[in-house]
Each structure stands twice: as structure tokens, then as C-alpha cells.
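Protein sequence lines, in the order shown, are assigned to chains E and W. Numbered according to my numbering, the first sequence spans residues 1 to 280. Numbered according to my numbering, the second sequence spans residues 1001 to 1280.
Note that these hints are calculated values from the structure, not bench results. There could be a bad hint or two in this list.
Calculated lysine-lysine pairs in the DSS-like style (CA-CA distance at most 30 Å, straight line) [what the hints assert, rightly or not]: (1) 1042/W x 1201/W; (2) 1042/W x 1204/W; (3) 1035/W x 270/E; (4) 1044/W x 46/E; (5) 1105/W x 1245/W; (6) 270/E x 46/E; (7) 245/E x 201/E; (8) 105/E x 204/E; (9) 201/E x 1270/W; (10) 1245/W x 204/E; (11) 270/E x 1204/W; (12) 105/E x 1105/W; (13) 1105/W x 270/E; (14) 46/E x 1046/W; (15) 1201/W x 1035/W; (16) 245/E x 1245/W; (17) 1046/W x 1245/W; (18) 1201/W x 270/E; (19) 1270/W x 105/E; (20) 44/E x 201/E; (21) 1046/W x 1201/W; (22) 44/E x 1105/W.
2 protein chains.
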Amino acid sequence: MAALGSPPAPAAWLSAWRPTPGAACGLSGFDPSAKPCSLGDKAKDKASLDTLTAEIDALQDLFRADQRFKLLVVLQGTDTAGKDGTIRGVFGRTSPLGVHSVGWKVPTEEERAHDFLWRIHQRVPAAGEITVFNRSHYEDVLVPVVNGALTPAQVAQRMDHINAFERLLTDTGTVVLKFLLHIGADEQRERLQARLDDPTKHWKFSPGDLTVRQQWAAYQTAYDAVLNATSTAWAPWTVVPANSKTHRNLMVATVVRDTLLGLGLRYPPKDPSLVGLRVT
Amino acid sequence: MAALGSPPAPAAWLSAWRPTPGAACGLSGFDPSAKPCSLGDKAKDKASLDTLTAEIDALQDLFRADQRFKLLVVLQGTDTAGKDGTIRGVFGRTSPLGVHSVGWKVPTEEERAHDFLWRIHQRVPAAGEITVFNRSHYEDVLVPVVNGALTPAQVAQRMDHINAFERLLTDTGTVVLKFLLHIGADEQRERLQARLDDPTKHWKFSPGDLTVRQQWAAYQTAYDAVLNATSTAWAPWTVVPANSKTHRNLMVATVVRDTLLGLGLRYPPKDPSLVGLRVT
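This is chain E alone, in the form it adopts within the complex (with noise of 0.2 Å):
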């Protein structure tokens, strides 16, 4: 049986950024140039921006009033993919009632204590939330995974673990939206420039993201092993190309604007013992 929270079936345009689970795609084989929802130039995917994210507004408040439903979005990518610009470019204009962003960050000492889900699970979204994960459970699959601190029949278990995981989500009414904010490695070496050049923008720089940058082969493979895993039926993978900023959001907010419209969501029906009711 579908799970209660899984999402509509994907256009056809949105077939060719879902990876199929067990097809060995991998990253490699989509080009983060791309631009699959443009309309032609970059002024008329702005507008089309800003009437999307109009609608999720709406949507949202709706969503929150259904209460049959919870959304989780999952973003992730290396660094400077533009995961922050993502939140503000899609939710940007949604009321933090409903939206709430989780930042996650190396674990703390409690957190690496428990299990690596059990920090995740505290904060999905409840009834009529919707939750964006900045960095999320993928981490726990790709970091130990690099750094070799992981064996490979552990990290197949943790695949597994996560698989049942968002399962018991799905089960339950949450929608598991799943972005993988994909740049080139030219791309990345602009963005981190400007964020050393840039007054405003060097707080965001850090030097471990040089580190990382060198392990830059070694993290497209184990993100390989994460799409061939973990992109299920109830909680599929977007690959979104992310070297224009705009088409990334364009993207990522058709793809939410199109799952919300799919749930059919309405007001509750009224309580009939409030049928005629005055107030004084």
C-alpha cells in the first residue's frame, strides 16, 4: 500500500531529475547547468519565482488548517550549492508559523551518545508543519563515509536504517521531499572566492571548506551511493542543478508548489455544534 504521505507521481519533465533506485546513475550523469523549468531568460523564471512562491504562501496556510499532513524538505549539496539561498528564494515568503528551518550542525557530544537518527527525529515536522532541513541524516552517510570512519557494511546498514526511518514517516502522514543541490566543481571555486573577497560574505567562510573541497571526487561518489540507496518510492531524490541560483529556486519551488497541489488538501469541515452559533 502507498504510504499515507507519499508524494504525487513526478511530471515527466521531473522523471529525468529523479534517480531511479538501483539504475547506478550518479552524478556525473546530470549536468548542473541545466535548466529544465526555464521559460527562456532569467527575467521571466524571476516572475515566475515570485508567483510560485506566492502560491506556496497560500498553500501553506491551507496546509497548516488541513492538519492531515506534515512536509519535510530535505536539502542537501556541498558547500556554497546554495542551501541557505534555497530557504530564503523558496520560503522566503511564508510565514515562520508554519515553516520552520533546521540547521544542522557536527553532532554534539549528547547527540553522537544516541543513535544517529534518534537527534532527527526530534525535530520533524508535526500535523500541518512543514520543516526544512538545512544539512540533514545524509550527512551521517557521506562525512564518516569520506573520511573512511565507516565500513561499507556499516554504511549499508545506515542506508537501511534511513530507509525505514523516512518509511515510518511517510506511513504517517509526512510528505519527505528530498533536494540534492548539485554544482559544478568551477562553480564552487567562484563562490568560495567571492565569499573570501566579499565583506558581507566571509563570516560564511570557513577554512575547513578547503578541506573538503579536496575531497571533492570523494564526496560525488558517496552521494552516488546515497541516490542509489536512499531515492525509494516514499521519499524520492531531486536532483537540482544549482549553478544558476534562480532556476535552482524555480525548481525547487515547482517541485513543492506541485506536491502541495497533488495532496488535495481543504479546510476542515465545520463542527456541527457550531452551526448557527452567535457570539455576544
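With chain E's structure known, arrange chain W on it following the hints.
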């Protein structure tokens, strides 16, 4: 010594809406239909609000980079006073990255098994964060007071605990802004009736709202006691006339913008080790 997070001295117009501690001023001294921030007509006020929310968005980005402060915005007010609408109207143009809202409900069994500030303390903002409380710890000196569950000595003790708690927050860099959204009894009757009659709003109506409405006078008295006991120099209350939704948002946005401006925010200085670094 002034607390690190003490808000800047209020402008002259604002002082009139900041109850003086111990001056025994009551809510009845504030006109819920007043418009101290109005530019003369609704269209101008809406345009001004648009400018303010864009300024708050830009300041929030700087606030997050600066990392020296935290901002806690407390919204209190009777049912339909406009707490949700204020969050949407003032922070609806700001990225969920840096603004979090917390809606406080009736305490759970676990929460009731702790002191009344236990759950509150867990959700105060971290460095660079803005947190908006939709209701707050002030419910614990309103509801039990009206329902006669606390002795006057217990109420006074809670007020002292609140003042000490808020002093802890401000001493450690949290700016605390408390807004009491003030509507008249007739305005509330109209808004409750609208919730019953409008199919997109009746999900917000609870029969319990009518019980609370019948205790209107007792709540006004309880609010008076709160204003007199907890409008401290370090965490002042602002009474916001809230019969007009546009003006309510305009006034709250003005205070938030002015407070952020008064902090002298700046991007952190560049780490010397990063000067001249080239990304390869």
C-alpha cells in the same frame, strides 16, 4: 549596569505605549483603536509596512552574521487579538533561516512536572537567531490567575521569577521585546463571529474561546497586574493598539526595525588567516 541585550531607549512616541513599572497603569488607559504610527491613511501605512518588512529582512541577515545578539519577541493578547497575523505581517518577508516561531499550547504532562519556565528556557533564541513566541510564559500568570488556581503570593513569586529569567536572558545578549496586542471587546465579538461564518476560518474557532470571552474583565485585570509587575527596563512591554490590523503590524514592525537598528550591527571582521587566500 545595563544588560548586554537591553533594548535602546524608546523614541518619545513609543514611551507613551510602554507602561512605567509600578505606576499602576492599566490597559483601560490605552485606546485599542489608536494609531500612533499611522501616516494618515491605510494605503500609506501599507506602503510603509512594505518598506519596514524589507528592512527587517536585510537587518535579520546582518543580525545572523553578527552573532553577538539574540532577539526574543513575545506576543501576547486575547483570542483574535492578531498574534498569528502579526507574525505573518511583520516576519512574513524574512527567511525562515533566521526567524523561528514557537506556538505555546497547554503544557503537556511532562512539562507540568517541571517548573513553569523549564519548557520556555529550552526554546529561547541562540546567537544570531530571532525567535517569536506566539503566547509565552505569561500564560502562566494569566490563566491560573483568572481561574483562581494560584494565591496572590504565588502569583507575585512567579512575576519575580519571570523578571529574573528575563534578566538572565538580557545579561547574556538577548534582546527581549514584549508586545501586548490590545483589542476591544466589540472588536473581538466581530472577529469571533467571522471565524464561525467564514469556511476558511472556522478551523481556528474553539468553543473554549467563548468561555474565555466571558472572563473578559478578569483577564483585563490579570493583564494589568502583568504590566505593572514585569514591564522592566531590560524587558519592557509595549502595548499595541490592535483594532486595526494594518496599524498593529506597522507599529510592531517599527519597534522591531528600530531595535535592530539601535544595536549597531556589523559583519564580523575578517579572520587574518584568510587575507589574500586564493581558492584553487
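Against the structure, the hints:
1. Note on residue 1042/W and residue 1201/W: the hinted pairing holds, with a Cα-Cα distance of about 24 Å set against a maximum of 30 Å.
2. Between residue 1042/W and residue 1204/W, the direct Cα distance comes to roughly 27 Å. Compliance with the 30 Å bound is thereby established for this hinted pair.
3. Proposed proximity of residue 1035/W and residue 270/E is contradicted: the alpha carbons are some 35 Å apart, above 30 Å.
4. Among the hinted pairs, residue 1044/W with residue 46/E is consistent with the structure: their alpha-carbon atoms are about 27 Å apart, no more than 30 Å.
5. Restraint check for residue 1105/W and residue 1245/W: the C-alpha separation of about 24 Å stays at or below 30 Å, so the hint holds.
6. A C-alpha spacing of about 39 Å is found between residue 270/E and residue 46/E, which places the hinted pair above 30 Å, so the restraint is violated.
7. Simply put, residue 245/E and residue 201/E have alpha-carbon atoms about 16 Å apart, close enough for the 30 Å limit, and the pair holds.
8. For the suggested pair residue 105/E and residue 204/E, the alpha carbons sit about 14 Å apart, so the restraint of at most 30 Å is met.
9. Taking the CA atoms of residue 201/E and residue 1270/W, the gap is near 10 Å; set against the 30 Å cutoff, the hint holds.
10. Using a Cα cut-off of 30 Å, the hinted pair residue 1245/W and residue 204/E is violated, with the two alpha carbons roughly 38 Å apart.
11. Taken as a hint, the residue 270/E and residue 1204/W pair is honoured in the structure, with Cα atoms around 10 Å apart against an allowance of 30 Å.
12. Taking the CA atoms of residue 105/E and residue 1105/W, the gap is about 29 Å. The hint holds against a cut of 30 Å.
13. For a cut-off of 30 Å, the pair hint linking residue 1105/W to residue 270/E stands: about 22 Å separates their Cα positions.
14. With a C-alpha separation of about 24 Å, the suggested pair residue 46/E and residue 1046/W falls inside the 30 Å cut-off, and the hint holds.
15. This hinted pair checks out: residue 1201/W and residue 1035/W have alpha carbons roughly 27 Å apart, not beyond 30 Å.
16. For the hint pairing residue 245/E with residue 1245/W, the CA-to-CA distance comes to about 35 Å; that exceeds 30 Å, so the pair is violated.
17. Between the alpha carbons of residue 1046/W and residue 1245/W the distance comes to roughly 10 Å, so the proposed pair stays at or under 30 Å and holds.
18. Restraint check: the Cα-Cα separation between residue 1201/W and residue 270/E comes to about 10 Å, which is no more than 30 Å; the hinted pair holds.
19. Only pairs whose Cα atoms come within 30 Å are accepted, and residue 1270/W paired with residue 105/E is accepted, the gap being roughly 22 Å.
20. Straight-line distance between C-alpha atoms of residue 44/E and residue 201/E comes to about 28 Å, which keeps the hinted pair within the 30 Å bound.
21. Only pairs whose Cα atoms come within 30 Å are accepted, and residue 1046/W paired with residue 1201/W is accepted, the gap being roughly 23 Å.
22. Annotation: proposed proximity of residue 44/E to residue 1105/W is violated, straight-line Cα distance about 43 Å (limit 30 Å).
Against the hints set out earlier in the document, violations occur for numbers 3, 6, 10, 16 and 22.
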